[in-house]
Amino acid sequence: MWEDLPLFPESASSLSGEVDALYVFLIAVSAFFALLICALVVGFTFKYRRRPGNERASRIEGSLALELAWTLIPLAITMVIFVWGARLYFALSLAPEDCLEIQVIGKQWMWKLQHPQGQREINELHIPLGRPVRLTMTSEDVIHSFFVPAFRTKMDVLPNRYSSVWFEPTRTGRYHLFCAEYCGTKHSEMIGTVHVLEPHEYERWLRGAVAGEAPAEAGRRLYEAQRCDTCHFAGPEARGPVLAGLFGRRVQLADGSTVVVDENHLRESIVAPNARLTAGWQAIMPTYAGLLREEEILQLLAYIKSLPAPEVEPRNGDGR
Amino acid sequence: MTNTPENYINTDFGWKSWLLTLDHKRIAILYLLSISFFFFVGGFFAVLMRIELLTPQGDLVQAETYNKLFTMHGLVLIFFFLIPGIPAVLGNFLVPMMIGARDLAFPRLNLLSWYIFVTGGLFTLYAVAAGGVDTGWTFYTPYSSTYSNTHVIAVGLGAFITGFSSILTGLNFLVTIHTMRAPGLSWFRLPLFIWAQYATSLIMLLGTPVIAITILLLALERLFRIGIFDPSIGGDPVLFQHLFWFYSHPAVYIMILPAMGIISEIIACFARKRVFGYRFVAFSSLAIAILGFFVWGHHMFLSGQSVYAGLVFSILSFLVAIPSAVKVFNWTATLYKGSISLTTPMLYALGFLGLFTIGGLTGLFLASLGLDVHVHDTYFVVAHFHYIMVGGVVMAYLGGIHFWWPKIFGRMYPEFVARFAAIVVFIGFNLTFFPQFLLGYLGMPRRYHAYVEEFQVLNVMSSAGASILGFGYLLPMIYLVWSLRSGKRAGANPWDAKGLEWQTPSPPPTTNFAVTPVVTEEAYAYGEEEAAVAG
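Chains as they are written, first to last, in this note's numbering: chain A, 1 to 320; chain B, 1 to 535.
Think of the hints as simulated: they come from the structure by calculation, not from any bench.
Misleading hints may appear alongside valid ones.
What the hints assert, rightly or not - These stretches of chain B come out as covered by chain A in the derived footprint (C-beta under 8 Å, 3 or more residues): (1) 30-44; (2) 298-308; (3) 313-321.
Claimed, not checked - Derived DEER-like restraints, expressed as beta-carbon distance ranges: (4) B:S232 x A:R174: 47 to 53 Å; (5) A:R87 x B:S232: 47 to 53 Å; (6) A:P116 x B:V307: 24 to 30 Å; (7) A:R276 x B:P209: 30 to 36 Å; (8) A:R174 x B:L122: 34 to 40 Å; (9) B:L239 x A:I77: 43 to 49 Å; (10) A:F233 x B:V61: 57 to 63 Å; (11) A:D229 x B:V307: 43 to 49 Å; (12) A:V80 x B:L33: 21 to 27 Å; (13) A:D229 x B:P209: 33 to 39 Å; (14) B:V460 x A:M79: 55 to 61 Å; (15) B:G227 x A:T172: 44 to 50 Å; (16) A:N54 x B:F37: 54 to 60 Å.
Every residue gets a Cβ at the ideal spot worked out from N, C-alpha and C, and that includes glycine.
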């Protein structure tokens with residue numbers, strides 16, 4: 001019957017063992033203090049129970065030394081846990097370079113995912129063993145949360161902004177994907193499966209899956225169809241910054257502050273262009289909110305990120 | 001009845017004398033009846049949920065119904081039982097009596113706060129009858145403001161209105177404790193229950209307006225589509241979470257601080273000792289009340305708030321654990337060289353110590369950033385806060401009810417049955433909620449109507465435990481009501497306890513004290529006169 005009663009979920013990512021290690025450490029600390037309190041309470045209650053010869057308690061006021069001890073020792077222990085937990089949090093938050101980039105859109109009540117070569121999946125995610133994967137996620141409606149217990153990671157998926165989560169699978173197999181943020185009637189059906197495959201099997205899966213257009217390619221067509229290039233080009237007539245090579249750079253804004261161009265900044269510049277205008281440009285770009293679907297914005301971003309940086313420093317916000 | 005001296009109960013039996021009473025003791029009874037009603041309503045929702053969760057498939061109720069059940073369970077028990085519970089019942093009854101006053105500073109305000117509470121409660125019950133609400137008690141946007149088709153505004157209004165009763169109660173207690181203490185009752189002679197009520201009142205007064213504003217903004221967005229929280233009309237959903245938790249995290253201290261106050265009283269009485277480190281226990285209540293206002297972001301480590309904000313909220317959350325630990329150590333040390341009797345209230349208090357310790361320690365798991373990523377929004381969180389809220393607050397509340405029952409009604413309950421019930425509650429509680437820690441680490445998300453098969457064994461254990469826990473809660477309901485007519489008469493001070501509330505007949509006369517008492521000794525001066533006799 002003990003097979004029916006597992007205590008740990010499967011461990012299948014490069015960081016899941018480290019999360020388990022902190023968990024086990026905390027269980028040890030907790031067990032020590034819980035048993036200590038329990039032993040003292042039971043021991044005192046028995047030893048000093050009311051009985052003939054012990055009708056009167058001793059008069060004890062307190063002890064500064066004890067107060068200091070049981071303030072400072074727990075404080076020191078919690079600070080160790082804090083540092084440990086914070087380091088792990090940063091490791092879980094900061095994705096390494098050269099991740100496999102996958103786009104995720106959550107909606108009531110399904111997960112829509114797309115691979116860089118264009119393969120689409122719903123409630124299923126196929127990924128290769130041993131390669132870090134980074135998900136760029138947004139929601140079409142309410143807040144969801146992308147949770148894979150076997151990878152010990154989770155991240156909220158919000159409307160109107162991107163969040164990301166990364167993991168490096170270390171074991172092949174099928175693992176649960178859950179929505180962890182309550183999102184309405186069929187919240188508990190917003191679940192799926194992550195398939196971790198050997199790299200060659202992943203290649204075979206990629207070839208076998210119906211490949212739609214790659215996001216960057218679809219983004220290029222959108223870029224042309226929406227005529228982004230009428231304003232965004234290099235030259236004195238340009239009415240907006242050159243987008244090639246912009247991703248990841250720090251630019252100055254019209255209000256004097258600076259911002260690193262990431263997915264969220266690009267997204268905001270499309271749906272609310274004047275909210276954080278790049279310095280040196282007029283507030284003339286119209287909003288594309290409502291004109292582009294979430295998937296299309298993600299495709300545009302994939303295209304913009306794929307553009308090679310130009311040889312010559314273009315005329316951009318930071319260049320003037 | 002002829003041989004019973006006139007007291008606050010038998011002074012007048014007309015219904016008007018109850019509904020228009022200005023006596024803090026009678027208002028406490030009104031609250032006792034109302035919150036007991038809400039306790040069983042909220043408990044009933046829990047029973048249905050635990051039956052549904054016996055099987056992985058959602059087969060007892062529809063998903064819509066299940067979502068409404070956990071929403072109403074949380075809303076009713078938090079806003080109409082846990083928050084008002086101890087302050088409005090035991091606090092109302094005891095604050096004036098413990099400080100030697102005849103009533104609270106503002107008796108009319110006190111009655112008004114009960115009427116406000118009932119009005120808020122009726123709004124909520126109306127919403128339940130009209131079809132309920134399915135947003136979770138946390139009302140997260142934009143689900144609550146745009147997507148849910150249920151009675152969000154009616155329920156929000158219920159919570160909004162009830163908040164004012166909290167504010168008035170808090171204000172009343174603060175003024176009373178400041179201005180109406182008996183001669184000689186200096187701050188450091190106050191019972192620790194009063195310190196706890198004082199700290200609680202501070203939070204009620206400062207925190208509750210924030211939730212009122214938040215609910216108002218939510219209603220504005222829902223009714224008039226003013227973009228505040230919904231990004232599709234220019235709002236920010238994370239702003240809602242900040243505002244919501246700015247109240248709702250301190251609110252857990254509104255619930256637990258008075259419970260801690262009760263534990264200090266019970267342990268001192270049945271160990272026959274002054275509480276170890278009195279000043280540390282008193283100040284730790286204030287430390288919790290103040291620090292508790294700065295940890296709300298630990299509910300949002302994965303919400304998209306900055307990782308650096310996460311760091312600050314994490315370290316502050318570890319800090320707020322320290323004063324709670326200090327209390328537990330001091331209560332334990334109070335038992336040392338005591339003269340301990342395991343009466344029913346003491347059983348509840350010792351049960352509280354164990355369960356609150358586990359609840360507090362598992363809070364460290366959640367405050368720890370890297371581990372919270374995995375257990376956030378799983379059953380681990382559910383188990384943690386039920387250890388604090390049910391294992392902590394409800395155990396302390398029941399302990400307090402049993403401790404002061406003889407004072408409130410002048411009757412004793414059957415001690416053997418009561419001890420049995422306390423043990424049943426303790427066992428049933430652990431069986432219900434301990435498996436949920438394991439479920440959480442395995443990855444079962446909260447608020448799931450149906451779940452994957454490997455979670456079933458632990459869910460069945462939890463449901464089985466819940467049936468024992470439910471039985472344990474029904475027992476006191478029966479024998480306490482029975483005791484009102486048939487219990488042994490208690491006399492003024494059946495526990496031989498210290499504290500001014502025991503220096504007056506049971507039930508107390510309407511004016512509490514025939515003569516204003518003069519306090520000449522510290523709180524919990526147990527063993528003083530015995531020592532004098534012996535010496």
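**Request:** May I ask which of the numbered hints given earlier this structure violates, with the numbers listed in increasing order?
**Result:** 1, 4, 5, 8, 9, 11, 12, 13, 14 and 16
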